[in-house]
Amino acid sequence: MILVFIGPHGSGKGTIAQLFSRKGWVSFSMGQALREHVQRMGKYSQEVDRFLRAGKLVRNKVAYAVLHEHLSSLKKKNIIFDGFPRNVKQFRGARSILRLLKRDIDAFIFIDVPDSEVIARLKERKQCPRCQRIYGKNVSPRKKGFCNADGEKLVLRTDDNPAVIRDRFRVFYEETFPVMDEASKYYPVFRVNGVGSPTVVFKRVSRVVSLLN
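Each position in the sequence shown, counted from 1, maps to that position plus 10 in our numbering.
Just so you know, the hints here were simulated from the structure itself, not pulled from any lab data. Please note that the accuracy of each hint is not assured.
Claimed, not checked - Calculated pairs, EDC-like style, for lysine to aspartate or glutamate (alpha carbon to alpha carbon, straight line, at most 20 Å):
| hint | residue 1 | residue 2 |
| --- | --- | --- |
| 1 | 136 | 162 |
| 2 | 71 | 57 |
| 3 | 99 | 192 |
| 4 | 195 | 114 |
| 5 | 133 | 122 |
| 6 | 33 | 116 |
Given the sequences, and given the hints that come with them, work out the whole structure.
Here it is, written out as structure tokens:
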């Protein structure tokens, strides 16, 4: 099964995807895949780093190359696309890549959170630089300022500053939100209330996934 989680930056889709990964799912985050590409000095590392720091989307060519590489290694595993595809063109490109690999998307799930709630979350959000776990308004570390998993000091993400956040909202509503209209021509699209603790939202999403089995 392949699911696509869609929601604005800070909606919690990454956290919910992590909870599914504990159940054996593979969470594919284009953002994380691109950050790893920068860390290992991949072919597009300089370009990707520049776009990530500005909070902008990388070229589709880069996104497709990273996507194909990851999917080729996952075979028949259950996968969650965390925030990808981010525009209609990427959606069409992702469908083409999946067809080449003889796979397809089963459903889109929109994590619906008001903009005011997202902004409040992002102001408090920090991330572990080693394992990439995210902490914030609804997920607190046991020791303030340090990761539960590996004890690393938590840091602010470079794309969580006010100017980047405003631009992220603009990009989401102009480019990503229309993906759901396009996707609805081919797949079921579910809207899930994303306000509440990760455990509560996870249960809501799980109920939707159970309908697909």
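Exercise. Given the hinted pair residue 195 and residue 114, is their alpha-carbon gap at most 20 Å?
Worked result: 14 Å, holds
Exercise. Going straight from one Cα to the other, do residue 33 and residue 116 come out at no more than 20 Å?
Worked result: 18 Å, holds
Problem set entry | 20 Å Cα cutoff - pair residue 136, residue 162 | Since the Cα atoms of residue 136 and residue 162 sit roughly 12 Å apart, the hinted pair holds (cutoff 20 Å).
Exercise. Residue 99 and residue 192: Cα distance at most 20 Å?
Worked result: 10 Å, holds
Exercise. Is it true that the CA of residue 71 sits at most 20 Å from the CA of residue 57?
Worked result: Holds: residue 71 and residue 57 sit about 12 Å apart, inside 20 Å.
Exercise. Within a Cα-Cα threshold of 20 Å, do residue 133 and residue 122 meet the stated pairing?
Worked result: 19 Å, holds
Violation of the numbered hints given earlier is absent; every hint is satisfied by the structure.
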